[in-house]
Amino acid sequence: MNIIIIYQKKNLPVLQKAFSTIIQSKKFSTAFIDSTESRKIQPPDKNTIYYLDITGIKKAEIEKQVKKFNTNGHYFAIIDLKNSYTDIAWFFHNNACDYLTKDMLVKPLSEKRMQSIMKLKGITPKTQHAHNYILAKDSWKGIVPGNEYTFCFLFIEILDIGELKKHIGSEHLNQKIFSFRRYVEELLYQDDGRCWMWMDATGLFIFPFNGTSVPAIYSAIRLIVNRLIISLEHTVFNQIIRYRIAMHIGNTLYQPRGKTGTIISDCINSLFHLGQKYTDEDGLFITEDVYSFLNEKTKKLFMKAKPFEGRQIYTFKYK
Amino acid sequence: MKIPYSILSITEKALTKSMDVHTMERIVKSIIPNYNLHKIMGFSESIPIPNKDAAAQILRDFSESRLFFKLVHALMEAQEYGIMGRRYPIAHLHEIVGEIINLGFIYDKNNRIFIENSKTRKTPNWGVLEEDEEYIVTLLRLDIAANTRLVRKYESPLITQTYNNLRSIVTAAVEQRNGRVWNWEGDGCIAAFILGNRNMAAVCSAIEIFHELFLFNYIESQLPEPVNIRVAIDTGYCTYKHSPEELKKTELVSKILELESRHTPLNSITITNSIYASLHAEIANKFTTTRSGNAVYYIYTIQWATP
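As you go down the protein sequences, you meet chains A and B in turn.
No gaps in the numbering here: position 246 of the first sequence is 308 in this note's numbering, and each next residue is one more.
No gaps in the numbering here: position 23 of the second sequence is 24 in this note's numbering, and each next residue is one more.
None of these hints come from the bench; they were simulated from the model.
Cβ coordinates follow ideal geometry from the N, Cα and C atoms, glycine included.
Certain hints may be false.
Claimed, not checked - Every beta carbon over 12 Å from chain A, so not counted as near; a handful from chain B, in silico:
1. E96
2. I101
3. N103
4. I114
5. S169
6. N184
7. H281
As the list claims (entries may be wrong) - Reference listing, derived: stretches of chain A covered by chain B, where coverage requires no fewer than 3 residues with Cβ under 8 Å from a Cβ of chain B:
8. 278 to 288
9. 295 to 307
Stated by the list, open to error - If you want a taste of the chain B side facing chain A, the calculated C-beta under 8 Å gives, among others:
10. E13
11. C205
12. I208
13. H212
14. L216
15. Y219
16. I220
17. I284
In isolation and in its complexed conformation, chain A is listed as follows:
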């Protein structure tokens, strides 16, 4: 289950302490989002509870936010550090799951509390790898080299390189790969993606994770369904290329492109394994971490595939 805490800036230390047990728990994925960024919350995810810190917010604004949660079908709970709301029942009448005051946050919240909320709301626990998401504020603007952040990773590899080389020669092949790479870079740039590593016919793109959704999934789908057109229109020499894409969400230390040689990341390792060793097929493969952040309609475009290295994998249904 995902727990997202929408905090007021000055309350962050208190809330981090209060949720420390939950953060360390392997049963939950937790993320903190600044209240100024909360407008970006989109997907109606039935596996997420949003804790909204209402300290110092006007009543009208709180009611608006509660209405929005209900409209989007989000589970939500309230944090009120100043005990400013007298009619607490109003929140529960409007589907709130929990209400936390300052006194209740002196000690870290227990896992048991979260489990009873899940039981109350009928949320079934999913076996998934829990993460402590480290969200960068303001996307790339908030990313500082040398620090660890949560990224959505997109691995892309051109297949049948040997065959292509036979047909067009190594020099032309390099030109073809270069033109393809440039096209993918331009496409993914629109989703705030950057090419982080590129070796031969394999690339790794990273997107600062916003804690709520994976916008890059639509570009990845387009890359798959438009493969024929992309091969002919956006790469040189009229040869069709096959490629596979793998996506994952995880934490890594960030260093600028070209200075990534010393980074040791389990998450990147495992993504390269998924991209290169999972199957020989082309297509789009995503881990359960990505899948859990897709909206319900998009989830229907994917189907369960066999697990890999302890992770459930989903594959795009169409080609």
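Knowing the structure of chain A, use the given hints to seat chain B on it.
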């Protein structure tokens, strides 16, 4: 469109410096066959016209963009391929072309014409097609299936929003390949392609429209049922008309409307033999052959392979 005086002035210098009056006349006659410089300037045939005066007169007569672009193109040809076996290095040619680009045009090497730069402006005739003149054009006709039923069944704002989204998808796919949507009506549109490999561009646009529509129907659309379309593509000579109503009366447009309505199944693309022949093999393989009387058509029905 009138060409600015500064460009006319450079071109006048270019003509004066690069060739004699006889060559100038030869170039001009390749554009206007009965052009008679002596007659226009009031000189008898036996009197030589000074280079500068001849160039000035030609530029006065070619100051309208349609003719001016043809003149510049003729100068480019004279420099690159020559006239009667002799090449003429044209002074200031780079400057002239640069100024035309600054006006918002680009040179299309495939068709050897100046066309408007789509980043600067987009007009249905690419800034160069002329009323009542014939061009080889590839047309794409898109029809929204069961349009009348959808319009009657659902509320107007919902239909308007859905169709606006479809329109954006179609316009983006067409204009990305330098095509133009010539006419959009309630139940569909006609788009035209004249540049580069126009047949491939039209077919790729159609395929992309289908893919985008699939994602739209699945993920974004608020309509309880998917929007389905039919697409037909054909190529041939078409007399260009500024008025969409007049365009509809042309032979190629009538032909493509019939191809779409009579020979195109739901969610399919139907193309004619001439389009099929110019496709890349991998794209052509997606089409299946079908016959109707003596005519052969090729149909691509969107089918998704599940792994």
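_Index of numbered hints that the structure contradicts, given in increasing order_ = 7 and 10
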